[in-house]
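Take a look at the letters that make up each chain.
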Amino acid sequence: MGRYVPNTKEEQLKMLNEIGYKDFDDLFSVIPESVRLKDLKLEEGKSELETATIISNMAAKNKQYKAIYRGAGAYDHYIPSIVKQITSKEEFVTAYTPYQAEISQGILQSIFEYQTAICQLTGMDVSNACVYDGGTAAAEACAMCKDRKHSVMYISESTDPKVVSVIKTYCFGSNTEVKMVPVKDGVTDLDKAKEMMTEGAACLYIQQPNFFGQIEDSHKAADIAHGIGAKLIMGCNPMSLAIMETPREAGADIAVGEGQPLGLPIAFGGPYVGFMACVSDMMRKIPGRIVGQTEDHDGNRAFVLTLQAREQHIRREKASSNICSNEALCAMTVSVYLAAVGKAGLTEAAKQCVSKSHYLLSELEKVGLKRTYNGEFFHEFVTTASVPADKILAALEAKNILGGYKLSDNEILWCVTEKNTKASMDEVVAIVKEVCA
Amino acid sequence: MELIFEIGEEGRQLDIFPKCDVPEVKLNANPRKQELHLPHVSEQELSRHYTKLAKRTHGVNDGFYPLGSCTMKYNPKIDEEMAALPGFTGVHPLAPVESVQGCLEVMDTLQKDLAEIAGMDAVTLQPAAGAHGEFTGLLLIKAYHESRNDMKRNKIIVPDSAHGTNPASAVMAGFEVINIPSDDKGCVDLDGLRAAVGEDTAGLMLTNPNTVGVFDKNILEITKIVHEAGGLCYYDGANLNAVMGQCRPGDMGFDVLHINLHKTFATPHGGGGPGSGPVGCKEFLKKFLPGFTAVKNGDCYDKSYATDTIGDLRTMGGNFLVMVKALTYITTLGKEGIKEASSNAVLNANYMRVKLSKTYHMAYPVTCMHEFVMTLEEEHKQINIAAMDIAKAMLDYGIHPPTMYFPLIVHEALMIEPTETETKEEMDHVISVLKEIHDKAVSDPDYIRNSPHTTVISRPDEVKAARTPVVAYEF
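Chains F and Z are the protein sequences, given in the same order.
Here the first sequence is numbered in my numbering, starting from 1 and rising by one per residue.
Here the second sequence is numbered in my numbering, starting from 1001 and rising by one per residue.
To be clear, the hints were calculated from the coordinates, so they are not data collected in a lab.
It is possible that part of the hints are untrue.
[To be verified] Straight-line Cα separation of at most 16 Å, EDC-like style, residue types lysine to aspartate or glutamate; simulated pairs:
| no. | chain 1 | residue 1 | chain 2 | residue 2 |
| --- | --- | --- | --- | --- |
| 1 | Z | Lys1424 | F | Glu11 |
| 2 | Z | Lys1339 | F | Asp23 |
| 3 | F | Lys343 | Z | Glu1010 |
| 4 | Z | Lys1424 | F | Glu18 |
| 5 | F | Lys84 | Z | Glu1081 |
| 6 | Z | Lys1152 | Z | Glu1199 |
| 7 | F | Lys61 | Z | Glu1199 |
| 8 | F | Lys351 | Z | Glu1024 |
| 9 | F | Lys14 | Z | Asp1108 |
| 10 | F | Lys84 | Z | Glu1080 |
| 11 | Z | Lys1217 | F | Glu33 |
| 12 | Z | Lys1358 | Z | Asp1439 |
| 13 | F | Lys38 | Z | Glu1024 |
| 14 | F | Lys419 | Z | Asp1251 |
| 15 | Z | Lys1052 | F | Glu11 |
| 16 | F | Lys179 | F | Glu199 |
| 17 | F | Lys343 | Z | Asp1015 |
| 18 | F | Lys422 | F | Glu363 |
| 19 | F | Lys41 | Z | Asp1251 |
| 20 | F | Lys433 | F | Glu397 |
| 21 | Z | Lys1435 | Z | Glu1474 |
| 22 | F | Lys89 | Z | Glu1098 |
| 23 | F | Lys89 | Z | Glu1080 |
| 24 | Z | Lys1033 | F | Glu363 |
| 25 | F | Lys63 | Z | Glu1098 |
| 26 | F | Lys84 | Z | Glu1043 |
| 27 | F | Lys433 | F | Glu365 |
| 28 | F | Lys61 | Z | Glu1080 |
Turn these sequences into a full structure, and let the hints guide you.
Spelled out as structure tokens, the structure:
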């Protein structure tokens, strides 16, 4: 049995006796006999070597693809070596939420730097210290827009369905009405949105680029939302923000998104990190931790958790959210990633996503796949084939390649990142050609 | 210390990406106009910057960390190594189930282990933290009452000693919160509870041991009162480290609970997260579970979706790598190790309680479970030394202070949770330090009130931070 209890059995007994207890049974006699557990049905504990073998064997059962062309919410980007090295430092890994500022300046400053980076990417004034993931960031952003006069959420159907599901679940909790704005030609039907949205609308949520990879007309979306007194929330791919206009420039009031593309492994779904940023007049509505800069009693720069009057431990049932633990180490990962690649690297990665995804599309079109929607896209696109999507994906799978995400019998959502090489894409195209022939 | 945005030089960068090997394509969509300021540093500058930040951070590895209610136990290294295996980190969450059998095996095994430890029938691993788990559990309760068309049940009963997340989660789930006072032992006042329940009771949220570290002996009576009124019982698993392997929430009458993997199951807190807050429930709530659960069919694992699901609490299946760490921990400890951990968590807390009670006033001078609460009310009145002052003085000794000013029912509270992974020597040292600080508070109160004296900053001006918020660097 592996164990992390340092005191020996003898020491334990001595301590028990010293403070007036006969043994552990005596110590636990406060628990009524009727609920005392007789037998915990787990296996016996294992040595470190046995445990390492058991868990490693599980990891070995997963297939490791030589290339991934699937995104749909989780993006396979290159992670520089220094990112994992820095974020593995024990001080960062093992600390709790920085309640004691004097001995937590490292964590607090790292969050302040993360907030700064998110404000830079999004063009917004205020970022929180992060939330669980892109889905919960979207749901929390919707809650920020709700007040007595504005209570209906309008969500574009071009949003990732997993994000929509999270928004709906949160709204089930708060008894909030959600209305879905339909899609036309792969983008939000904004004329329909204008028709649908009436007084009482709290927000319009659009994803940029949207679930199908398409680029939305966010200025028009902003005009429609603001025209009826609602807020515009944009769910953004953070990597695209290196080259595309910021949500602030696009007219959004709140920018949210999944931070995973910035240095976090896809890791079967988590941990990821949700970023949230907003314009300054919504600062006191944003949920979760926020780090602020101040001074100590001697006038030195200091960082603290601030604006805590919004939070659950002070406000209890009147808090803006119940969130306390977030994904701080993942937020730090984002910061380190952005520092490692810098503006030039982030821009290069974003540009390569664009160039490479367009290359793959044009080559796939040559062998028989058709693009489903017109309009511009960032690094994901949808194709329609005359053969079943399953057949294409199975052929790729046989060559150890994870193909795109199946949207319907004949439609595939492909994703290309800077990691995918021309040689690999040419192999994909050759395989697809064979299937379509 | 300088921010990373204040060091380096324009033009410095790491060489990460190769040249693009396909023709360049440019987007016509609106380009970014706003200047993008990101750090411009060499790899060594980047490395040193974060090493400086690490030196300004106190983690469990830096010393004693008795932060009550947070269970800051040692985070085993093998857990980290297992979670870093490429066979886990490189798996796409939407890959075909045949290709993710190992991940599903991790989830299925962990679900079963947690269900056994909690005395529940089913577990979802989707929630990302404790508060997220609370919200999930409350939505299960809401879905249950709605499925029975019992729409009048809109109130959640919460003791005044509860964690602040409890009432906040209840409101997010659309409930009204009924606060009930605790009795003089910090436990549930049975008459108060009987008076509070009724036809509008959706449920009760409770942690046992409670937030003052005392095991509520009336637990079976409490859950019975709620059930007889038609409500359900929610167990806040924040304090599960005290009782795992000793007794089970499911056997105490609870219908649903969350578990903090980042407390009880030794996964590290990462300076605030990622955590993981699995939710367990009894069979009759299983059909409402969110996301997917892993199931074993013959020799293969599959994803299973509940018929009347409440939806999704987040995208994807949960904080998977945290699950790997927790499963590694449970595999290591096994049945006897789990019980040994809780036994020693309770022993260590009582050891410190008894030893410290010669110097400090205990809010509840009875056998505690994994944590106990001291009150500085007397000191505050007599020598104007607050709980905060004692806490700040501890910083000069390299000790992380206890949780301060919680629970709210104790004035000038300091809540100490040593956990099972501390040695007797370390606890004896901390006990002597706390005595020394108390002596000093009497002999030289100004010195203590001006603590800390040796940290990288002195006490920060929190009022200024809130009045004139600076939440991002201005370029």
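For each hint, the structure was consulted:
1. Annotation: proposed proximity of Lys1424 (chain Z) to Glu11 (chain F) holds, straight-line Cα distance about 8 Å (limit 16 Å).
2. Proximity of Lys1339 (chain Z) to Asp23 (chain F) is assessed by CA-CA distance (about 14 Å); at most 16 Å being required, the pair is judged to hold.
3. With a C-alpha separation of about 10 Å, the suggested pair Lys343 (chain F) and Glu1010 (chain Z) falls inside the 16 Å cut-off, and the hint holds.
4. The straight-line distance between the Cα atoms of Lys1424 (chain Z) and Glu18 (chain F) is roughly 12 Å, inside the 16 Å bound, and the hint therefore holds.
5. At most 16 Å may separate the alpha-carbon atoms for a hinted pair to count; Lys84 (chain F) and Glu1081 (chain Z) meet this at roughly 12 Å.
6. A threshold of 16 Å between alpha carbons decides the hint, and for Lys1152 (chain Z) with Glu1199 (chain Z) the separation of about 7 Å falls inside it, so the pair holds.
7. Distance hint between Lys61 (chain F) and Glu1199 (chain Z) is unfulfilled; the C-alpha atoms sit about 51 Å from each other, more than 16 Å.
8. Pair hint Lys351 (chain F) plus Glu1024 (chain Z) holds up; C-alpha atoms about 8 Å apart against a cutoff of 16 Å.
9. Between Lys14 (chain F) and Asp1108 (chain Z) the alpha-carbon distance is near 40 Å, which puts this suggested pair outside the 16 Å criterion.
10. Among the hinted pairs, Lys84 (chain F) with Glu1080 (chain Z) is consistent with the structure: their alpha-carbon atoms are about 12 Å apart, no more than 16 Å.
11. Distance check on the hinted pair: Lys1217 (chain Z) and Glu33 (chain F) sit about 10 Å apart at the alpha-carbon level, within 16 Å; holds.
12. A threshold of 16 Å between alpha carbons decides the hint, and for Lys1358 (chain Z) with Asp1439 (chain Z) the separation of about 12 Å falls inside it, so the pair holds.
13. Under the criterion of a C-alpha separation no larger than 16 Å, the hint pairing Lys38 (chain F) with Glu1024 (chain Z) is inconsistent with the structure, at around 68 Å.
14. Between the alpha carbons of Lys419 (chain F) and Asp1251 (chain Z) the distance comes to roughly 51 Å, so the proposed pair goes past 16 Å and is violated.
15. The suggested pairing of Lys1052 (chain Z) with Glu11 (chain F) is violated, with an alpha-carbon distance near 39 Å, which exceeds 16 Å.
16. Pair hint Lys179 (chain F) plus Glu199 (chain F) holds up; C-alpha atoms about 14 Å apart against a cutoff of 16 Å.
17. Under the criterion of a C-alpha separation no larger than 16 Å, the hint pairing Lys343 (chain F) with Asp1015 (chain Z) is consistent with the structure, at around 12 Å.
18. Pair hint Lys422 (chain F) plus Glu363 (chain F) holds up; C-alpha atoms about 11 Å apart against a cutoff of 16 Å.
19. For the proposed pair Lys41 (chain F) and Asp1251 (chain Z), the alpha carbon gap of about 14 Å is at most 16 Å, so the pair holds.
20. Only pairs whose Cα atoms come within 16 Å are accepted, and Lys433 (chain F) paired with Glu397 (chain F) is accepted, the gap being roughly 15 Å.
21. Using a Cα cut-off of 16 Å, the hinted pair Lys1435 (chain Z) and Glu1474 (chain Z) is violated, with the two alpha carbons roughly 45 Å apart.
22. Restraint check for Lys89 (chain F) and Glu1098 (chain Z): the C-alpha separation of about 35 Å exceeds 16 Å, so the hint is violated.
23. For a cut-off of 16 Å, the pair hint linking Lys89 (chain F) to Glu1080 (chain Z) stands: about 11 Å separates their Cα positions.
24. The suggested pairing of Lys1033 (chain Z) with Glu363 (chain F) is violated, with an alpha-carbon distance near 32 Å, which exceeds 16 Å.
25. The hinted pair formed by Lys63 (chain F) and Glu1098 (chain Z) meets the criterion: a straight-line CA distance of about 8 Å does not exceed 16 Å.
26. The suggested pairing of Lys84 (chain F) with Glu1043 (chain Z) holds, with an alpha-carbon distance near 13 Å, which does not exceed 16 Å.
27. Only pairs whose Cα atoms come within 16 Å are accepted, and Lys433 (chain F) paired with Glu365 (chain F) is accepted, the gap being roughly 10 Å.
28. For the given pair, Lys61 (chain F) sits about 19 Å from Glu1080 (chain Z) by alpha-carbon distance, which is inconsistent with the 16 Å threshold.
When the structure is compared with the earlier hints, violations turn up for hints 7, 9, 13, 14, 15, 21, 22, 24, 28 and for no others.
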